[in-house]
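The primary structure of each chain is shown beneath.
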Amino acid sequence: MFGLKADWSLDIKQRYFTLGDYIGGEPRWCPGCGDHAVLTTVQRICRDKQLPPEKTVTVSGIGCSSRMPHYVGTYGFHGIHGRALPVACGIKSRRPELDIWVATGDGDCYSIGAGHWLHAVRYNMNMTVLVFDNSIYGLTKKQTSPTTPIGFKSNTHPKGAILAPLNPLTATLGISNVSFLAQTIDWNPVHLYETIKAAHDHRGFSLVNIIQRCPVFSPEAFKHLQEDPSNLLLLTHEKGIPVEKNILRLFPNQQEHDPSNMSEAYDVALPELPKPVGLLYHNPEVPCYEDFSSVGKDMGVEEKLAGLNTALDQFAI
Amino acid sequence: MTKETSQPVKNNDATSKTPKRIDEHIVEIVSDSGEGAQKAGQTFGTISAKMGNGVWTVEIIPAEIQPPTRSPAGASGIRVRLGSHYMTNMGDAADIVVALNEQVLYSRIATHAYKPGTVILLENKWETDPNPEIREQYKTAVAEFRENGLVVHEVPMEEECLKHTPKPRLGKNMFVLGMLCHIYSRDLERGNNEIEATFGRKGKKVVEINQNLLKAGYDFAQGNLDYWYEIPPWKRDSTDPLIVNNGNQAVGLGVMASGMDLVSMYPITPATSASHYLAEVYDKVGGFVHQAEDEIAAVGFAIGSSYAGKTACTITSGPGLALKTEFLALAVMTEIPLVVVVVQRGGPSTGLPTKVEQGDLLASLYGEPGDTPKIVIAAATIEECFHFVIMARKLAETFRTTVILLTDANLATGVQPYPRPKAKAEWMAAPIDQSDWKKGVPPFDWDEETGLSPRPIVGQAGGQYVLTGLAHTNNSKVAYDRESNQRGCNMRSRKLATLYSTLKPPKIHGDQEGDLLVVGWGSTLGAIEEAVEKMRAEGHKVSSLHLRFLSPLEPGLKEIFSRFKKVLTVEINYSDEADAPLIESGNRRYSQLAVLLRTQTLVDVDCWGNVYGQPMQPGLICEELFRHLNAMKGEN
Ligand SMILES: Cc1ncc(C[n+]2csc(CCOP(=O)(O)OP(=O)(O)O)c2C)c(N)n1
Ligand code: SF4
Ligand SMILES: [Mg+2]
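Chains as they are written, first to last, in this note's numbering: chain A, 1 to 317; chain B, 318 to 953.
The set of hints was computed from the structure by calculation and includes no laboratory data.
With a cut-off of at most 27 Å between alpha-carbon atoms, the simulated DSSO-like pairs for lysine-lysine come out as follows:
#1 B:Lys756 with A:Lys49
#2 A:Lys142 with A:Lys223
#3 A:Lys141 with B:Lys794
#4 B:Lys711 with A:Lys55
#5 A:Lys55 with B:Lys755
Start from the sequences, fold in the hints, and give me the full structure.
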């Protein structure tokens with residue numbers, strides 16, 4: 001009938017997840033906060049990829065952005081400041097089948113959690129890490145963050161930030177085993193979607209630095225990027241983030257960049273302006289730590305008992 | 318052959334044709350590090366255990382990593398206490414010491430390891446050393462030792478070893494082992510077997526050289542030393558097989574037996590060797606050791622795994638415990654099962670990394686800001702290091718909380734035979750539940766009376782919840798209202814009351830009432846009970862009890878305490894002496910268990926301890942108990 005195959009029903013998924021399945025509590029972010037866009041994007045990707053909500057975990061630290069798990073309908077882990085990554089890695093270590101999203105802030109990831117960031121890149125466990133980089137400490141009300149521009153006035157540096165900001169892109173590129181690094185902006189929903197989706201598609205540790213507006217505490221930090229898109233550099237490449245024509249129009253500066261080219265990635269990442277937008281680096285071949293850490297996870301009790309007995313016997317007298 | 322200066326080598330056993338039968342002895346081998354003293358001592362301990370003796374072995378660890386040779390700070394070696402009974406501690410002064418140079422003995426003498434009459438078999442090559450300074454040092458030391466009552470025999474170990482190997486520094490330990498084998502009537506064949514097992518991989522030649530050295534030491538002792546003893550086997554009630562290992566290996570075995578398949582750690586002495594051991598064998602049970610970037614990450618990683626349904630363990634020592642506190646509070650707040658093994662060392666700060674202290678009890682109970690009720694237990698023996706890990710996982714999962722298992726450097730490096738555990742399937746964690754979560758059941762479905770609740774595991778459809786360290790409702794929803802926070806705290810605290818209600822009062826060692834009750838916890842068990850037995854044999858009304866549960870405490874303590882005139886804790890941690898300058902009842906700082914007992918029982922519990930970094934010794938405890946008994950007499 002209607003040309004359908006007789007066994008068509010076998011092809012259909014038993015469960016179909018709607019957007020509603022990925023919606024948790026009502027977001028409490030300020031109006032105009034860039035976090036809203038990231039949240040809805042992640043929810044759409046979950047729906048589009050039909051990720052079972054019970055097999056998906058959203059992990060975060062502490063900060064405005066780290067509230068994200070509360071707003072997602074998956075399992076969630078809203079932990080402690082700076083430590084989302086060790087928790088996420090631990091979850092993955094013995095349960096590699098779980099899908100892990102990490103939401104973390106520029107303070108959470110690049111300051112208090114900096115050690116974990118470096119090492120999580122090295123572990124290269126398969127997870128999608130979204131750094132909500134608003135160049136400020138939002139939750140605690142406007143203190144200087146590692147990515148706050150020099151001279152920017154905050155409550156801890158009322159005369160202006162003293163130090164040059166940390167460049168999370170060049171820093172990440174310098175870590176061995178880096179396998180996926182992208183940057184995007186919260187105010188271009190299409191690019192945001194495509195970038196996060198590509199990050200999720202990658203098997204390994206995908207780090208996306210999301211330039212995220214905080215209209216309350218750091219609007220000045222993004223104004224020049226929004227008002228003058230020539231301060232951005234769109235990275236294009238067939239292996240990069242797919243961009244449609246109507247998006248291309250929005251970026252006066254563009255550069256063809258092969259994401260497998262590390263030294264070019266570094267060159268693109270280095271200048272303060274223009275800020276690169278797109279896939280900086282991608283290497284799908286880096287081994288994932290869970291391939292080692294999960295060995296033996298399904299061993300049965302009998303085999304374990306035998307193993308234990310062998311171990312005990314080594315101490316027999 | 319041995320030098321007969323002021324002391325004849327042949328002692329009064331010289332004429333005997335049979336070895337002298339003794340009940341127990343304490344033997345030490347002391348040297349610069351890298352001379353294999355520990356290997357020789359461990360092998361001697363193993364042979365002795367195999368021949369049926371009770372054995373307690375403890376390493377003597379140099380104070381520095383790369384100490385200069387021939388320096389007191391470099392004293393490295395091992396103490397083996399062996400006897401015709403079950404051995405539970407390292408005892409007091411040594412009976413026979415083999416020393417490869419005289420300088421290392423100074424640090425042992427400073428720690429009161431020897432007594433007048435302790436026999437020292439001393440390498441004599443230093444007497445003819447080309448360096449006149451060394452010759453002088455040697456001469457002075459030997460004279461000084463003898464003046465202080467040590468029985469020094471100068472033994473040409475190097476000279477004897479040179480007959481069998483051009484590199485005596487490498488093989489001298491086997492010569493030493495050989496001497497001890499003769500002195501204590503050990504089967505040489507067992508020694509040969511141990512050498513085979515140790516050096517077999519290095520080839521026939523190496524085995525042969527070592528076996529020759531062993532034989533040479535044996536023959537030398539036979540021909541030249543008149544110390545010849547027999548220590549009959551310990552008469553055990555059971556013929557069940559024994560195993561012998563140290564406390565950290567026991568912890569590692571316990572982790573495997575518990576079914577926990579992830580240990581997440583960061584290296585720290587004296588905890589690390591547990592993970593070394595696991596790293597070697599863990600794959601046999603499908604487990605994995607994760608070396609994290611720091612202790613914070615180590616516990617976070619473990620918590621992640623536990624959250625996902627695979628209860629994990631992190632193993633650390635004091636400074637690591639300090640770093641883990643914020644995560645421990647999260648685990649308690651969010652009711653994630655977690656096992657933390659703390660192998661205590663001397664503190665505060667970097668403290669005494671290789672030495673023992675029981676200084677982390679209060680940090681374990683109260684280390685986190687806010688109210689963080691968790692279960693704290695302490696292993697008192699090496700065997701308990703094994704079994705308590707299994708118990709810890711079960712408690713963690715049943716009570717949905719953090720369990721801290723305290724051991725210490727004494728247990729970690731002490732070696733003792735104990736009944737081989739019979740591996741049981743029920744020890745192991747069950748496979749994680751992935752069935753659908755029951756509709757309508759909140760993630761914290763607290764039983765109001767017990768505080769207990771079932772836990773949704775990632776993968777259970779319908780169980781999705783967001784774990785949060787913020788104050789939360791039973792639905793794990795962030796809640797800042799007054800009732801929610803109060804209720805959460807109540808529920809978490811109630812779990813300890815629930816556990817308490819299942820515990821039995823502790824057993825009293827000795828009479829059920831009397832003058833003095835000694836209370837201990839952790840590795841001091843053997844020393845305390847030995848001291849108490851000595852005192853009781855002399856007619857004193859002294860008993861002891863030893864706590865395994867520190868949070869919650871075991872029940873019935875107040876009532877038990879009421880049956881004794883005085884209660885005294887003996888602990889290896891700091892307390893002000895009652896009669897120290899400026900100290901009065903209002904400012905005296907008590908030992909850690911004493912603090913707990915005083916608040917919980919309102920009994921005027923006294924305490925005694927020290928922070929020498931040494932295991933408790935029965936003799937020292939006896940002296941202290943005498944002091945208290947005499948003072949009590951004075952008061953009457
Ligand atoms: C151990 C600890 N230190 C400090 C804090 C306070 N604190 C909470 S969030 C935060 C900074 C958040 O900034 P960021 O990570 O950039 O997240 P944002 O709020 O900007 O999204 C700080 C300092 C804390 N919760 N825990
Ligand atoms: S303070 Fe800034 S980052 Fe936080 S919710 Fe408001 S707008 Fe967003
Ligand atoms: Mg921020």
